Amino acid sequence: MVERPPRLAEWVLTRALGDEDAARSILGDVAEDFAAMLRRRGVGVARLWYWKEALALTGSALLGRVRGRPLTRVTTEGGSTVREAVSTIGMLQDARYALRATRKDLVFFAFATAIIGLGVGASTAVFSVMSPLLLQPLPFEQPDRLAVIALSDAEGAGLSAVTSRTSNVRDFREMSRSFESIGGFNAFFEQGTYNLAGVGEPERLLGVDVTQNFLDVLGVRPLLGRNFVAEEGVWDGRPAILLTHGFWARRFASDAGVVGTALTINGVPTEVVGVLPPTFDFSSVFTPASRVDFLRPWPIADETDNWGNTTTMIGRLTAGATIESAQAELESIVQSLQEANPNRWGLAAAVSGLQEKIARPFRSAMLLLAAAAAGVMLIVCVNLSNMLLARSPRRRREMAVRRTLGATRGRLIRQLLIESTFVSMSGALVGVAVAAGAIRFVTRTTGLEIPMLSSVSIDAWALTFTVGVAVLAGFAVGIIPALQVAEGGEAEALSSASRGSSGGVRARRLREGLVVAEVATACVLLVFGGLVMKSFQRLMDVDLGFEPAGAQAWRLNPTRSFEALADIAGYYEGIVAAVEALPGVRGVGLTDALPLGRNRTWGTRVVGKTYGEDDPTESIFPHIVDYRYTAAMGIDLVEGRTFDSGDTGDNTPVILVNETAAERMFGGDALGKAIRMWFGEAEVVGVVEDVKHESLDVSGTNEVYFLITQAWSFNSLDMIVRSDLPPATLRASVSAAIRGEDALMPVDETWTLDSTVAESVSPRRFTLQLLGAFAASALLLAALGIYGVLSYSVTERVPEIGIRMALGESASEVMRHVVGKTLTLATVGVVIGSGAALAGTRLISSLLYGVEPTDPPTFVTMVAVLLVVSALSGLIPSIRAARIDSAGALRSAT
Amino acid sequence: MARIGEFELLVLLAILRQADSPYANRIREDLESNAGRKVTRGALYRTLDRLAGKGLIEWELEPSGTPERGGHPMRRLALTEEGVESVRASHEVLMRFFDGLDPVFR
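Those protein sequence lines, which keep their order, are chains A and B.
With the numbering used here, the residue at position 772 of the first sequence is 1170, and numbering never jumps.
With the numbering used here, the residue at position 67 of the second sequence is 51, and numbering never jumps.
Derived by calculation from the structure, the hints in this document are not laboratory data.
Here the structure is a predicted model, which is why all the values come from computation and not from measurement.
It is possible that some hints are incorrect.
[Said to hold, decoys possible] A few chain A residues that don't get close to chain B, going by computed Cβ distances all over 12 angstroms:
# : residue
1 : Ala508
2 : Val618
3 : Pro620
4 : Ser723
5 : Phe1077
6 : Gly1138
7 : Thr1148
8 : Arg1195
9 : Gly1248
[Stated by the list, open to error] Estimated spans, in silico, between C-beta atoms of each pair:
#  : chain 1 : residue 1 : chain 2 : residue 2 : range
10 : A       : Asp542    : B       : Arg1      : 52 to 60 angstroms
11 : B       : Ala19     : A       : Arg437    : 23 to 31 angstroms
12 : A       : Gln491    : B       : Glu42     : 26 to 34 angstroms
C-beta atoms are modelled at their ideal positions from N, C-alpha and C, and glycine is treated no differently.
Isolated chain B (complex conformation) (with noise of 0.2 angstroms):
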């Protein structure tokens, strides 16, 4: 299984917070906002590039919804089986690591 870093995890999280609509622009706005993170579009993009090649998301293309796209398309995200899997395998390797470190943090 694709191994995959800090941020790539919290790009496939936000894609999937995003359940209604998981577009570029919503998953910059939640890491902004949310993970308190600047992230630049090309950080973002090339993130959404690589996380394809290792096969962990896939996308569609939908029409343009707003007339302010300039009749571009937009590309609707969503993890691949794969991607999910990674996802879980991240978190179980966290929660292994927490575990009994609750004093610590405390």
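The following block holds chain A by itself, in its conformation from the complex (with noise of 0.2 angstroms):
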């Protein structure tokens, strides 16, 4: 299918341009050139480029009409009446006339346009990045018939936590009517490891197993080549790989040869037999911040599934079979499972849909954006209807003078009309602008766990709504002098406004409304900014059961197989004396999984307790680690011992529990006790502090800690090196050391545990940023709004201001009765934004750790910012007013 240009800004081209023949040929060009961008930036640069040059043409072509220089010349052949050419020279007469006004009022014009331009980009941004997510179809066919089939339906961290045994796989797909097929994808497959060699530069590769089917499941053709057939979706069947698209563009120039040749990955030689298309991106849809450069075959077969609960199991519902119905028909599948063979562990099914499964974290956090986006956008709106009302008496008198002088009703209208059109379009141009650089940002981010950031680009209709609002706004409140005018008041409007009078008492109550209406919503904004604010502070200070400050991690990808367990013992033990004995390292580790990085699930029994029939395993979240990985990691003994040195594979298999288990599975005795593993039988030696392994706001898991020289299962292994040095010189000495040991290992893997932390909670930074944000655009535009509406009080009171001190009233009488004025309307907009707020509760509710939603201190203080920030934005007019001198007034006012 090829990719055409986004319809609305084509749209929007073609009326600018009109559809003369070398205007068609314009569009041809831009669509051209898109198609380019298209091949070498993929869709969503494109895209936004695509919007960003039909805009510039479009303001280009109209400018250059209204200055008489078009970019295409507009033939005058073709019967146009004389009525439309009137029509058209009016027209131009407004719009020259409307570029002319706005030029008079540059303040103005330029405030409107940054307010506009900030709620329009700021709500345009928000519902664009939640659009993939929660709003389109997936990228799939038919991806409401798609489930994820997880173990339980707990509230867990992504997909990982959903895996399944594989040969629940094969059950459910024998068994099961209600799916049309099932498939899925090893959710650990970042613990295997792919060395590219044989074509230029060695290369570390990420590839994720997935089922032979996987593709069928979901509906997705290769772009090149074939999907894999079944000799390679067997155990040790011919090794094949389909490349993924940004993978094949990068390593491959996007050259079509490479299918059907062999790569050597981990020296196996091993057929490239596709490609996948760009619109399929893995990991952005299942695996957010993580890369993946192909995919290769998951047996459903004995051998993996002894590898546990691995699987993210998708499958494809039969036409007419629900949730709830899959649900229902796998529970009783499960039970006679079961009955048939009691020991059978792992065995269970939760249906979701995928969309939803994938959405679901995300969903109140975006909810909440999304509505902190429309306050602003409605505090922009009231703004602009304030400063539009506040011109509105001048506005009066301009129209008055026209009327007299000829001016139809409609002439007048079409020019304010015309006006506010401008207003709110350079608003939009600025929104555009304001919404690609937040995408851009947003989708640049690397490590940002949100998934189908991928396919965000700018939403046509998000920003034709909040545009359509700024624009509607702008008419209802611009046309009111046109009217006003035009219900034949003329000789008023001339002689009342020589007067500099206001609009009446009924224009400063609607002014005034608007402003509570403003600091109300402001105040929302700023009480759940805060909530989130304290709530991300809440988190950061919990106690993570390890030190992250100074360790840094090293991922080792040994470069050569080994026969036996102890020679791989041997050769990382090599490694880490050689670590160890660089100057400024305090501690060196090996695990192999490391805390908010893998999750995994092993079943367990504990050895001498009884277990009832039913009773499933004890499911435990294993870390195979070297003795010296609790010392290295920071993680303090509770009680017994931790590894030490002796502990080697010749002795009796010992282990290292958490405290929650301790408490679990031994019921608080746990030294001495043992549990049965398929090595046999591991003895508790010591109980460690717990550690947030699987997230900062999840606590209270089974872990266990197994001696690399005693547990065979790992597949690679990450090294921890706890110093005072800088990053930057240990990474230099410590890659120094690791070659020294194996010449061709790569080194570059490594990273901060500081960063991992970062990026656990990279989700909640981004809700907390742009909240605050928010808050704050609505703090300022509510401090200006109250500002704009007491200085124009002011200067329409000068006259009565100028009597009541000519009368003896004082100085700071007068500024007591303005900020007086101030505080009341913030403090009416306070006690009603505080409700809201308070009736808002469940929406942020879920989103908030630690913290109350109705958190007493938060609200004071926000209420606190508010009215100081309220009280501060009135001084100055209440200054202006206290400053008026009253003879000079008295005078005006005669």
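The task is to assemble the complex, starting from two chains supplied on their own in separate frames and drawing on the hints.
In structure tokens form, the structure reads like this:
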């Protein structure tokens, strides 16, 4: 399918250019460059680019027409009637007039443009980010029929928490009638190590293991080549891979010739059987913030089944089946399987829609941000209305003059509409730039664990909608002066305007009401922002159970294979010893699962504990570590001992358990007890404190530490190095030490534990930053609104204040009066806003950690901030009021 | 004869240089990569329109060459005799003024 330019942008451009031959050729030129951009930079960038070009050209064409310097000659042949000609001239005159009006009132114009830009940009950006995740269907065939079959439906961190054994895939496929097909992928694919050698620079690749039918389940067809076939999908089958589009473009410069050739991966010639289409971005959908270079077959076999709960199962429902019916059917299948084999573990099924499953963890945050953006947009519209209202008496006079000179009512309205549109449109241009910048920032921020980010682009509907709202708000208010005059009030308008009088009590009430609305909205945003900030702080203060500061990790990928466990242990021991000997290194340790990274579950049973028939196995989070790991990580021992160098493969297997496991599995008395593993019984020798393994806000899983020398069940290991040296210095010396042991080992995969912690809170930080920005804009706009209304009301009441001062009122009393007025407006706004924030706590409570949604300190602080800012913004007008020269004021009043 | 500015002269020359495919996009690429100028689309089209208005260039409509153009036609640009004449005149003026100034630029 050829990707077309964004339809809305093309439409706008067509309207601006007209349909002359030359204009159509311009459309073609832009389309041609769009296609080139599409090839080079992908759909997202190309669509953004087209929008930018289209808006620039539209502006250029419209401006050119007004100035009499068109982009394409308007051919006059073909019966354009006199009326049309006159109307066009009038339109041009009005447009020129509007341009002149904005030039005369540049401050108003610039400010209006800026705030509309802010509102449109913020709303569009937020809506564009949430749209692919929450609103648009996933980029698969009939995506509403795709479902995830998880082990349990518990709230978890992403898709990897829902994995099953491959025997479940096998049996569900065979027995279920609700699913047309069932496939899946190995959720722990990142543990695999693939070194590409032979063509160009050696490189470590990331490959995902997917079932042979995975692409068929999703309804994705390879762009080039073919899908995996049966002899590739079995255990020890013919090696084959499918390249992702991104990797194909990056490494092979999109050369179609690579299909059918063999790449040497881990020393094994592996056939490239095909290339995936650009629309299928595996990591964006299933594993955000990670990279995927290729897919390889994941056999549904006894061998993979032995690896435990590995597979994220995805099924396509048959036509007519629902999530509920599929759930009911799988439950009965699970029951019959369990009856047939009571010892079988890890047998359960919880069905949920794929999109629902992917989007669920983000829904509340996204909705909150959308509501916040709408709040900012609301304030923008209110502010705009207020500014236009304040201008309205002056405009009324101008309208009256033009009316007496013979302008028709329609003409006046049209002129005002053109002005409003002009302001809204220039605001919209700024908004597009703001949104484009924001989206660029978000999509380029690596490590942001939000799915579907790669398909984010400016959402045309969101843009149209928000611009439409701004235009309507401008129309609704901007047209008032014209209507007032049109009702035959020229004389009155002229005479009252000459005295600089206000638009009357009604207009003032309206303006004040608008300010109250602004303050209330700002109050809600500030309170929510404050709550999210406090919750984030609480989260960052959580006791991690390990010490991230000063620790750096290296992924170690041996370049050779080993025959026996002792060989591997010796190999790693050599590296660790070399690194330990470096000056400035305080501790070194090895593990196969660092905190806040991989997630997995093993099943086990405690020796000597009696289990009922229906009791499930105890599930544990295993860590395979060396004896120095707990010390290097700063994990405290609670009782017993830690591992030591005497715990080798020749001795009885020993383990450490965390406090939660000691309590839950052993009833608080773990030392000396044992669990049963496939390699024998392992005895608990120590209890260590809990570590936040899954995420900062999840605690209380059973964790068990095994020794590398006793449990051979890891693919690659991470090395932790604790040191006070600067990271760059450390990196250089550790890399050299590793290379000294294994000259071919890639050493570029290294990161600090601080960055791991930061990444794990990235969605929360993202929400916090956006909400903070919205709340700050809201506060600023509300302050400007208050300032505008008060300084306007001071100006219009100059005569009144003059009289009062002449009658003996002091300057400080006048000031107090104005500031008092400000605080009255602000207080009403704050009361309404606090009420709304309390009512809205349901929206935000699921996003908070360690903070009540009604947290009184946050409410009080934010209300105080708002009141202080309001008082400050009323201060300047109040000082001006106090400086009024009563004599002059009285003179002007007469 | 119509007077032309520097940018107009560059555009006319670019059309002549692109004799094989004298289309707006190629002209723009030539100006951007060989004249070291950032040429916005609006500026180029406006200049083309102005040059046509002065009678220095003309164009013919060709059907869309590739599917990427979305069915929109292409303008094949060409200099009129008067256009060629104005380029020649500009060239002569430039040569006259450069004449004897070699030492300055060496």
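Each hint tested on the structure:
{"no.": "1", "hint": "Ala508", "verdict": "holds, 23 angstroms"}
{"no.": "2", "hint": "Val618", "verdict": "holds, 24 angstroms"}
{"no.": "3", "hint": "Pro620", "verdict": "holds, 22 angstroms"}
{"no.": "4", "hint": "Ser723", "verdict": "holds, 45 angstroms"}
{"no.": "5", "hint": "Phe1077", "verdict": "holds, 62 angstroms"}
{"no.": "6", "hint": "Gly1138", "verdict": "holds, 49 angstroms"}
{"no.": "7", "hint": "Thr1148", "verdict": "holds, 41 angstroms"}
{"no.": "8", "hint": "Arg1195", "verdict": "holds, 48 angstroms"}
{"no.": "9", "hint": "Gly1248", "verdict": "holds, 52 angstroms"}
{"no.": "10", "hint": "A:Asp542 x B:Arg1: 52 to 60 angstroms", "verdict": "holds, 55 angstroms"}
{"no.": "11", "hint": "B:Ala19 x A:Arg437: 23 to 31 angstroms", "verdict": "holds, 25 angstroms"}
{"no.": "12", "hint": "A:Gln491 x B:Glu42: 26 to 34 angstroms", "verdict": "holds, 33 angstroms"}
Violated hints for the displayed structure: none, as all numbered hints are satisfied.
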